[in-house]
Each structure stands twice: as C-alpha cells, then as structure tokens.
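Participant: Protein chains in written order, with the numbering used here: chain A, 139 to 380; chain B, 139 to 380; chain C, 139 to 380; chain D, 139 to 380.
For the record, the hints were derived by calculation from the structure and aren't laboratory data. Please note that the accuracy of each hint is not assured.
Since copy identity is lost for identical chains, a pair holds within one copy or between any two.
In the DSSO-like style, the derived pairs of lysine-lysine whose C-alpha atoms are separated by at most 30 Å in a straight line are [stated by the list, open to error]:
1. Lys344 x Lys188
2. Lys152 x Lys188
3. Lys344 x Lys152
Number of protein chains: 4
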Amino acid sequence: MNEHDQVAAMLAAKNAAPIELDPARTALIIVDMQRYFTQPSFPFTDVFEKMSPGVCAGYLRRVRETVIPNIRRLLQQFRLNGSTIVFTAVGTETNDGSDLACWARALDEAGMSLLGSRIHPPVGDPSWQIDPALEARPEELVVNKLSAGTFATTDLAHQLRTRGVDRVVITGVVTDVCVSTTAREAADRDFKVVVVSDACTTFSEKLHQANLETLHVFGWIRNVDEVMRLTQREKMSQTTRV
Amino acid sequence: MNEHDQVAAMLAAKNAAPIELDPARTALIIVDMQRYFTQPSFPFTDVFEKMSPGVCAGYLRRVRETVIPNIRRLLQQFRLNGSTIVFTAVGTETNDGSDLACWARALDEAGMSLLGSRIHPPVGDPSWQIDPALEARPEELVVNKLSAGTFATTDLAHQLRTRGVDRVVITGVVTDVCVSTTAREAADRDFKVVVVSDACTTFSEKLHQANLETLHVFGWIRNVDEVMRLTQREKMSQTTRV
Amino acid sequence: MNEHDQVAAMLAAKNAAPIELDPARTALIIVDMQRYFTQPSFPFTDVFEKMSPGVCAGYLRRVRETVIPNIRRLLQQFRLNGSTIVFTAVGTETNDGSDLACWARALDEAGMSLLGSRIHPPVGDPSWQIDPALEARPEELVVNKLSAGTFATTDLAHQLRTRGVDRVVITGVVTDVCVSTTAREAADRDFKVVVVSDACTTFSEKLHQANLETLHVFGWIRNVDEVMRLTQREKMSQTTRV
Amino acid sequence: MNEHDQVAAMLAAKNAAPIELDPARTALIIVDMQRYFTQPSFPFTDVFEKMSPGVCAGYLRRVRETVIPNIRRLLQQFRLNGSTIVFTAVGTETNDGSDLACWARALDEAGMSLLGSRIHPPVGDPSWQIDPALEARPEELVVNKLSAGTFATTDLAHQLRTRGVDRVVITGVVTDVCVSTTAREAADRDFKVVVVSDACTTFSEKLHQANLETLHVFGWIRNVDEVMRLTQREKMSQTTRV
C-alpha cells in the first residue's frame, strides 16, 4: 500500500467512531450558498471563466444537482427537529470591499482588472442573497463574514454557545476554502464537527476529496443519508426508549 | 485539460503575483517543530505506527532531510535580518490534556487505548521542546497552543501587530493540519501569508500537495530558495538603492 | 490631600499628554444611541422606573440636552473629514434574547417579571434603531452586539484595521457599562482611545465621573470642544504647514 | 434620595439575586497578584510614588492586610473543593515591552522617563512572580497577559470551557483596571461573574467602590465570608441532601 493509501485507511478507521447528533445541541451550518457562488453570470464565476474558460462547469453542475438538493433535505429535517440553523455569507459591509480580509481583496482586484467589477457584493445586494432554493426563514441566523472562516469575523461562537450548541454539521461551498476553514475553526473552539461530504463541493473534485481527507483529523465525515439517519425523529425516540 | 489541472493552472497564475518581504514587517513562523512531532519513538508517531506500521517513515525522513535543513536556512537569514521569529508548540497546560480542543483530545484517547499514554505532552516536557536542531533563542517567541490554528488560543495576532508585522512566512508540520490552519487564520486576520512549500510536510505527499494548492487562495506559495532571495540583504539594499 | 484626590491629580497629569487625531486614522464610535436607550417609554427605562420611580429623569435629560447635541457636533465634523464612523447597537438576533450574554439576559428577565416584556429589542425593531437625531448614513457602519463591549461579539477590530484606523473617539451610553467596556477592549487591542467626557453619560453622575477617572489609565479623556479642535481642518492644515 | 443613592439602591436590590457556586463549574481567578503589584520597591509603585509621594501607602496596606489574607482563605477552600484555580499575570514576553498593549507601553514610558526603568517586567523575572504568600501549585494555571483584560490576550476562555467551568469568582488587583476589565470580558463571554469585594483593591477606595457598583450590572458582588459560605462542603452536602 502506498503512503497516501495507508494514511487514508488510517483516517477512515478513525472516521468509524460514532457521533451522536442530538437536535437540541446540533446546528446546521450552510456556508456561503449565496447566489454569486451558486449561479453563473456573476463576477465570481465570470472571473474564473475569463481566466480559464470552462473551469466552472463541473462546479456549477455539482452545486445545482447535488449540493442544493442535499442541503434542502438536511434543512427540512433540521427544521422539523427545531435545531439551530445558520447561513453564512460573504459580502462587504462598506460597499467598497475595503473591509474584506486581504486575500479576498486580492480576488476583488483580479475581478477589477479582468472584468472591471469586484467579485464580492455588498451585503444586501441581490447577488449576496442566499440562493432562493435554500431561503433562510426569519428565525434563522444569517451571519455575514469578511473572511473564509466564519468564526474569525462574526459572533457565531457566541451564538452557538448561548443556545447550548456543542456540535455542528457543516455544508456549502467551497469545500477547501470557506467550508474547510470554518470546520477547522469550529473544532479548534471545541465544537464537534461533522462535514457532509455530498453537501459541499469545490472547483476541483480532487481538491474536494483531499480536503475532506484532512478534515477527518478535525471531526467526522458523513454523507447526507448518514446525517439524515443520525437526526431522524424515529431513531431518536428509539434511542430514548432503549 | 481535466478539471483539476485547469484549476491548478489558474492557481499557479495567481501565485505569480509578486510579494515583498521587508524584514521589519515579516515574521517567520515555525509551526510545531517539537521533538514529539519531529522524532520517532514518541507517542505521536508510535500511535500511528501501531495503527499502520510504516506509516510514519516517509514523514520522518522528509522532516529530517528537508524540513529541518530548510527551516535552518530561513532561521539563519531571518535572524541576520532581525526579523520577528515565532515558534509554535502544542502541549497541555493542565498536564491531563483536558484543555486541548476536542479533536486533539480524541487523538489523546486513541493514544490511551492503543499505547496507554496520551499523545500530547505537558508544556515543558522534554518531548514538548522545540527540536534541538532549531532551538529558539531567548528573545524569540514560543507560543503554546491548544488548537491546530495558532491564532485561536494564543496571543500571536497581538504579538505580531504590536511589532508592526503584517506578513508571515509559515513553515513546519504538518502541512494540512496546523500549518494550513495557521495560514488560513493569518490571512483571515489580514496578514499576508507565504507558505514555504519545502519547509513543511505531512504524512502523505499527496495531501501535502493538495493542501498547498488550496493555500494559493490565501496567499503565496514559495520554496526556500525563493524566500531566501526575497529576504537577502544584498537584494534589499539594491532595492533601497534603486 | 486625601487618597482619592491624590490619585485623581496623578491621572489628570497623565491626561495632559498630547494626542493627535489624524482623520484618516481615527474613527468616531457612537455606542448604543438607540431609541430604547435614549428615549422614555421603552422597557429599558420603564423597568428602572418601576424599580425606582424617577431614577431615569436625570439620565434622559442629559442624553437629550448634552449627549445628543455633542455627538451631532462630532458627527458633522468627522463626516466633513471623511473619517470612519461606527454606530454600535444592542439587540437580539434571534428575537427571543437567547443569544445575548448572560448578564443581559438577566436584565431581560427583570423586564419580564416587572413589565411582562424583555428589555432588549430584536435587531431591526423600531426601538432598536439609532435615535433619529443621529441617523446613520448608508456608508456608515452599524454593528450589532450581544455584549457590553463592542469587540467581544462583532467584527469591529477587523473593520477598523482593514481601514487603517489605529485610534478611536468614543461617545454614547452608558458611560460605565458599554462605553467603558468598549474603551477598555479597544485599548487592550492596541487602539489609542479618547473618551469624550460630555458626549457620554449614565444613570448616576457620580458613577460617570468615577468611570471616566479610571479610563484615564486606558487613554485620553477630552471634552467635545477639545475633540473639535483636535480634528478641525484649519488646525490640521496649519499642522501640516508647520 | 439623590440620583446616585437611588441607582445604588437599585443595584443592591439586583445583587440580592441568588447565585450558586458548584465547585466543579466554578473557577477562582486571581488577577495580577504579582510581586511588582503587591510589594513596595518595584518600578510599578516607585513611579507613582515619584509622581505623588505617599500615593501607594493605602493601596499597599490594603493588599497586605486584606486582599492577600482573603485570597488565601478562598484559595484554601477552592483547593479543598478541587475547583479550577487561575492566576493571571502581566509581563512582556519579548523583554522590551513592545508586545504590551499601547496603554501599558505608555506606563512603561512614564517609568523610563521618571525612573529610567520600565514598569512591566519580563515573564519569569522575580518581580513578575506571583506573591509568595499565594504561590501557584504546579497543576494550577498561570496565564500571562499583555492587556488589562485576561480574555483579550490569553487562552483563558478556552481553558475554562474545556473544563466545564461556566462561572468565575474574581479577586486581585487593581479593582478598576485589570479586575474590572476581566470581569466585564467574562460576563460578555457568557460566564457568570462574582467579584469578591474584599479580595480586591485599588489605589483609591472611592474608585474601588464606584467600580464595584458598576460591576453589579455584570454579575454579583459578594464578600469573602459570603463566598466561603457559598462554597463550603457542609453547605453543599446539605444542598445535595435536600
């Protein structure tokens, strides 16, 4: 067995450890499923298409065909369970992008030089909104961040702790940037972390897989079917009965 | 060109952007080069060897033959330049590991069940010390963390800001866990980030490469030779002259 | 001279140190000047009036006659100078107040038991809005916090740093709780702090004075006239000329 | 009744609310009881004496006669109960004080100009050590901070949360600066806060009293006898029996 396969097998063994997802203590975090990340014809994908025509095709298809339907399944069940639901978003709070972290401002500059427009929209802009297929309800949290990680520039840790949440189920885009950073931050702040392998994606399937492999260190990787089973009411009442 | 190659080419193009490393504004961060991470026969590698014999061989060889010599080169030059130098470490500050983030406590539990000892040593333990090949000088910072990211549980952001540092050169182990998380945190906190590709490593070369690819988003990937050139005195005085 | 007078004289001597307020590096922070803090007939003052009739009279008069007019003067000049302007607010982001820090939830409980309503409004509620006399412009920052200190639960530090702001002029209500905590947090995060003595107030003049005395340790106490002089254009161009 | 007395009466009524101090969930925090704060003939008190001869006499007497004996009583009982014990300290981690928050560097500069030496010692210096009357045991936490508040520049929040601590009993010096800031930070991070009125002090009794009055907003003010009763084993077993 080569080096990587040996490491991957070890991580898979670790991943077999059980994880319980009591709805009262578990939040669903939906990372950056905003229109400008989920749909074509916004500067985010436009700038990448300009750099490398066709580079976004697989990504946008996976978002549409897999990620959105899978998050919808999770949303329905977590809502039914009364769990905490958090949508994250990225947008400038000052209109001019000057408040974004430097690496995100560099993306805006690429957008300016290639397209004449910045990539990150202002908070409240139509393209900043959560994809209509996943709309947030009034009682659900939408936190805007200026960073890849959600914890760096929002009050999310405080929001979760005051509600008694100590574990998070993470979904959204893109796996290797905002999803991975948010998962790492959460685990470092002592939240148990489940990343849903088929409810997140990125531009390269290979980077998606490699990043999920590393995230085994920080918590659990589960697919949507598994999370649905871990959080279904029937199972929970059975558990209570036993 | 397949999806991943197309993405990789785009990231490589981004990486061609210039970065300046003025010694007064740049810190060298050496992540977790502690004996128990760099040398065999400590619980860290022992537990992995127990799980999967031979899994650490390549990692330990790369640490010894590549990472340590390359960090030594950087250390010498950054010291000559009077730049800020930071060593990070992981260790329990309460002896019993109860203070580590939950994902790190899970590693300790694996150590307990497989070897009868925890993986993470107490602060000050000989195995907690920085590898003797890289010893910290008294005026250099050694920050102990309880997390993968250095910013989550130390005063590093404050330390860097009070010294006027706004860019960091990151090295150490392991690429995909503590190095990557620290790089992401730094970029999210508005520090410009350079990750030195041949001054860090992890257990799988494939995960090392994949994680470096993602880190292009957060900053610059440079090898040791390039960082040496970017920080050499001759070049700097030429710059000043011009 | 008695103990306190001796300490106060020492603090006054410290306060004589000069402070420069370059508009590009200075932000005006207006703490919690929301309707429910600035006007009668909201649960905030109602609950205190219920506990102790008349206890809010002096506070509300000082807000109306001194604090609001003085903040208006500062606002006008800081806007003219193009300085960063930040309004803070307190409100629940989950409607039910469960996300507020525990000490603020205790206030809500007092409101529930004495008046049948919570003290802190939801974000966006008319009573949550900034007092109309001070309305925020679209390009100005309004940050909602769940805490007394603004830095604990908002991205304000990031917002200030990405704009190159390294000093803050703090005003608002109430001096000894949210103003004082925000000033302490700012100074601890390496921002130079000016608290404007006659642009903030609290329920007891005595506590207002005592808290300002302690805040000498963290920065500078100046009155509105002094801050107006320190930030007026004429003075600044003279400085530049000299 | 005048304004302040009316406010004080209202705060005293609030303070009558009960607070439980289960030893497993409660930490004793001893703020900055380092030699250079507790004993004469170090630059900290020397610089104030130089500015205003005699200004430290009352403070040093209260530290010696009241604060140290009272903290010793608490220490003994909290140790017996197996509660978490935390000592905080202030010291430069870079020898030159450049890492301290700006307001603390200003104090160092006053020391340099009046005495030729900085006020804040390096970590590990004899004057940096905790007062020998209160020595920390190896299993107790000593966290060094660069700020007035302990949470701003240490991992204390993480340390408390990973141990299941959700309430803190705060003692030490000086009431209006480091004690008050730490208490505010703790309450803002959702820890229940008890400040022990006769186990902390500052340079002016009047500022001590005024700051304690404000701290009623953030939690509970109790004296040492009350905290001893709230944490004594007999009472606890009675509680359990009932």
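Participant: Run through the hints listed earlier and report the numbers of any the structure violates, in increasing order.
Facilitator: Every hint satisfied by this model.
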